[in-house]
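One line per chain: the protein sequences are A and B, in this order.
Mapped onto the working numbering, the consecutive letters of the first sequence carry residue numbers 1 to 249.
Mapped onto the working numbering, the consecutive letters of the second sequence carry residue numbers 1001 to 1324.
When the alpha-carbon atoms are kept at most 16 Å apart in a straight line, the in silico EDC-like pairs for lysine to aspartate or glutamate are as follows:
1) A:K228 with B:E1296
2) B:K1308 with A:E237
3) B:K1085 with B:E1112
4) A:K226 with B:E1296
5) A:K226 with B:E1291
6) B:K1143 with A:D22
7) A:K168 with B:D1184
8) B:K1321 with A:E237
9) A:K247 with B:E1161
10) B:K1308 with A:D231
11) A:K52 with A:E150
12) B:K1308 with B:E1223
13) A:K222 with B:E1296
14) B:K1321 with A:E244
15) A:K224 with B:E1296
16) A:K137 with B:D1184
17) A:K168 with B:E1189
18) B:K1067 with B:E1011
19) B:K1143 with A:D219
20) A:K247 with B:E1203
21) B:K1308 with A:E233
22) B:K1190 with A:E165
23) B:K1110 with A:E209
24) B:K1015 with B:E1164
25) B:K1281 with A:E245
26) A:K137 with B:E1112
27) A:K228 with B:E1291
28) A:K179 with B:D1240
29) B:K1318 with A:E237
30) A:K137 with A:D108
These are calculated hints, taken from the structure and not from any lab test.
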Amino acid sequence: MKILVCLSNVPDTTTKIKLSGDKSAVDMAGVQWVINPWDELALTRALDLKEKSNGKIDQITVITVGEKHTEPTIRKALAVGADDAVRINMIPTDDYEVASNIAAYLKDNPYDIILSGIESSDYNGSAVGGMLAEFLKVPSVSAVSFLDIEGEEPLMKREIPGGTETVKVPFPFVAIVQKGIALDPRIPAMRGIMMARKKPLTVVEPAGEGAKSSFANFDMPKPKAKVKMIDAENAGELITLLHEEAKVI
Amino acid sequence: MSVIVYTENWEGKFKKSSYELVSYAHSIATELGVETVVVSIGQVADDQLNILANYGANKILSATNDKFAVLDNAAYASVIARAAKANNAKVIVFANNFTGKAVSPRVAVKLEAGLANSVTALPLSLDPFVVQKNVFNGKALGKQQINSDIKVISLAQNSFEIKEVEGSATIEAFDAGLNDAKFDTQLIEKNTVSGKIILTDAELVVSGGRGMKSADNWSPLEELAAILGAGTACSRPVADEGWRPHAEHVGQTGKIIAPNLYIALGISGAIQHLAGVSSSKIIVAVNTDPEAPFFEAADYGILGDVHKVLPLLVEAAKSFKAHQ
Ligand SMILES: Cc1cc2nc3c(=O)[nH]c(=O)nc-3n(C[C@H](O)[C@H](O)[C@H](O)COP(=O)(O)OP(=O)(O)OC[C@H]3O[C@@H](n4cnc5c(N)ncnc54)[C@H](O)[C@@H]3O)c2cc1C
Ligand SMILES: Nc1ncnc2c1ncn2[C@@H]1O[C@H](COP(=O)(O)O)[C@@H](O)[C@H]1O
Chain A
1 MKILVCLSNV PDTTTKIKLS GDKSAVDMAG VQWVINPWDE LALTRALDLK EKSNGKIDQI
61 TVITVGEKHT EPTIRKALAV GADDAVRINM IPTDDYEVAS NIAAYLKDNP YDIILSGIES
121 SDYNGSAVGG MLAEFLKVPS VSAVSFLDIE GEEPLMKREI PGGTETVKVP FPFVAIVQKG
181 IALDPRIPAM RGIMMARKKP LTVVEPAGEG AKSSFANFDM PKPKAKVKMI DAENAGELIT
241 LLHEEAKVI
Chain B
1001 MSVIVYTENW EGKFKKSSYE LVSYAHSIAT ELGVETVVVS IGQVADDQLN ILANYGANKI
1061 LSATNDKFAV LDNAAYASVI ARAAKANNAK VIVFANNFTG KAVSPRVAVK LEAGLANSVT
1121 ALPLSLDPFV VQKNVFNGKA LGKQQINSDI KVISLAQNSF EIKEVEGSAT IEAFDAGLND
1181 AKFDTQLIEK NTVSGKIILT DAELVVSGGR GMKSADNWSP LEELAAILGA GTACSRPVAD
1241 EGWRPHAEHV GQTGKIIAPN LYIALGISGA IQHLAGVSSS KIIVAVNTDP EAPFFEAADY
1301 GILGDVHKVL PLLVEAAKSF KAHQ
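Throw the hints in and build the complete structure from the sequences for me.
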């Protein structure tokens, strides 16, 4: 059985965001690139499953749609323990293009379990996993906080408003994962980093559909008005302000 | 031609967010000069469906089937895509919530449509179709242009003011064409907490951080929340310490919420915490440290000890409610 983990290459979440002069793009100069946090957890869970599967899960592949600058991030995933990697060589314009191109690659390279994160921390699309499942015509389960394989079947927990549901779907499927899927991401060890250099990273050219949308331009959020301080002795005044001024209660 | 809006129901009932959504879809439909068509999936009584007319629904398509009781992303997507095709939809509107995020990407692919999730306002323009959304976890705003014939969008919570209208709607049973279909998602077990306000739905949230000092100090916080009708949340260390359940933890690694009001009690305002709450409309920070970063993100601040401030807030909230 084979697991595919989709990796989105994103600026470290503490990055200060700057726009290019004409606001047509976000300025990525000097950005520290990392694996999207959910993908890092997805990979961690995939490795856990492989290790306890007694050889039943024999391959974990990571895939990124991106140009060469994404390779250090891909290598990190290999260093953490992925067996091999695929990079689809293009700068994607939207999630549709990402999903379509991964789906095109998977036509001849099927996987049993496909993991994606619930959201990339850059453009906050929340779409690739669901789109990919639809392109592949396979089931998708969203907001997955637990995944295991019980006998011959996958078992997942999904976070619904106010609770959880445990569900099953047939193979192959896409699980769109979130908090809880693994506790902490694995950190690459020296040995892993050495081994990663020798693991296969296949570069393929795009064979999917083009984008359906693009970002016309960007803005910075309006700076917040300065905080209005309320005397602690008269804290109750807050309630009046929330009612009369802010009109939220 | 139409704007389609998918309204989710919770045990046969709609919520305020459903009305918000219909109202939003109706505003776009009016601009485009087309009908507002609601798609409802699962058993909902006509009197509930009829309420949607007050927010601008012209036609309500009600698809029922016992199997819809369990969300199957693919099945729901095919119902909505089928309704979209049958009504020549130009725009399809979802809520940016659990179900919306699960289903909208599949609908977009079925209709070969571009998708913009978590849109925060009415489209900036209809031709070209441009919507605004938060990117980089709220650190910037992106203006996303959708170029496909059909546009799929999801509306971020609490970002649109409801407008009531005079109107009536027709209700039609919608044949989803799935009667013999085998649904892939099988429910094994469901665990829900009942009676509590669901954090991701809550319009008001009262939240505590490590400044609360211990699990035992939470009762005034809970009391304040109960009086205001608010949900309760916490910072990550608080959940890690076991003072509060992890379901309450908000932030980068927790839930992302955007209530109308977020009251942060004894929370420093670390960037990872703010990532989960900074889209809140009004933020209140209570902290003993004048340098606490939360004061920079807050609209109202109280420099003081939560243990002294909370009882005053509880008292004021009580008398406010008594006079309403
Ligand atoms: C990768 C990563 C992800 C993270 N994800 C999250 C996340 O999702 N959510 C999250 O919350 N954190 C997250 N964190 C942790 C985050 O960085 C902070 O450590 C955390 O938010 C701090 O919580 P706190 O404000 O409750 O506690 P502290 O930082 O200890 O702050 C307590 C605050 O209370 C004030 N205080 C103390 N006593 C009183 C009193 N009597 N009255 C009033 N105020 C008082 C103090 O002045 C201080 O500002 C993450 C960290 C990392 C590295
Ligand atoms: N360029 C990409 N290449 C591979 N996977 C991606 C890419 N972008 C997004 N993903 C996957 O889709 C998830 C959700 O991203 P998004 O839909 O863009 O918010 C991410 O967590 C990844 O698992």
